[in-house]
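Just add 717 to wherever you are in the sequence shown, counting from 1, and you've got the working numbering.
Simulated from the structure, these hints should not be mistaken for lab results.
Note that the structure is a prediction, hence the values are computed from the model and not measured.
The reader is advised that the hints may include incorrect statements.
[To be verified] FRET-style restraints, in silico, Cβ to Cβ: (1) W785 to M764: 17 to 23 Å; (2) V727 to D747: 17 to 23 Å; (3) A726 to T800: 48 to 54 Å; (4) L749 to V727: 18 to 24 Å; (5) Q757 to L796: 16 to 22 Å; (6) Q743 to L796: 17 to 23 Å.
Using N, Cα and C, we set each Cβ at its ideal position, and we do this for glycine too.
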Amino acid sequence: AVEQGGLGAVTYALEGSVFMAGGAVQWLRDALGIIDSSAQVGPLAAMASDNGGVYFVPALTGLGTPYWDPYARGLLIGLTRGTRPEHLARATEEASASKPALSSTPCARVREPR
Numbered sequence: 718a719v720e721q722g723g724l725g726a727v728t729y730a731l732e733g734s735v736f737m738a739g740g741a742v743q744w745l746r747d748a749l750g751i752i753d754s755s756a757q758v759g760p761l762a763a764m765a766s767d768n769g770g771v772y773f774v775p776a777l778t779g780l781g782t783p784y785w786d787p788y789a790r791g792l793l794i795g796l797t798r799g800t801r802p803e804h805l806a807r808a809t810e811e812a813s814a815s816k817p818a819l820s821s822t823p824c825a826r827v828r829e830p831r
């Protein structure tokens, strides 16, 4: 809870944990070697007009909000011989962008905490 401007109005926020966003980019860099620096993932992903049917669940250290499954493992599907590094970068960016949306979708406005 945060008090706003000393007026006595209190704002409450819901928080969710996304375990792998930057870590997924580091994985592309360190484990797969498809980028030399993390800053390259955006430009590489932009080279792909779509994800090429590649989807990535970056549960490399389990899943956080809203699933809370420490035993979940990562998933990379849709690979073909036509899959390029830019598709992997694009799928990684899409996965990182979708996690906060999944975390906030079930939230409702809380008028008064209990």
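Consistency of the hints with the structure:
no., hint, in the structure
1, W785 to M764: 17 to 23 Å, "violated (35 Å)"
2, V727 to D747: 17 to 23 Å, "violated (43 Å)"
3, A726 to T800: 48 to 54 Å, "holds (51 Å)"
4, L749 to V727: 18 to 24 Å, "violated (46 Å)"
5, Q757 to L796: 16 to 22 Å, "holds (21 Å)"
6, Q743 to L796: 17 to 23 Å, "holds (21 Å)"
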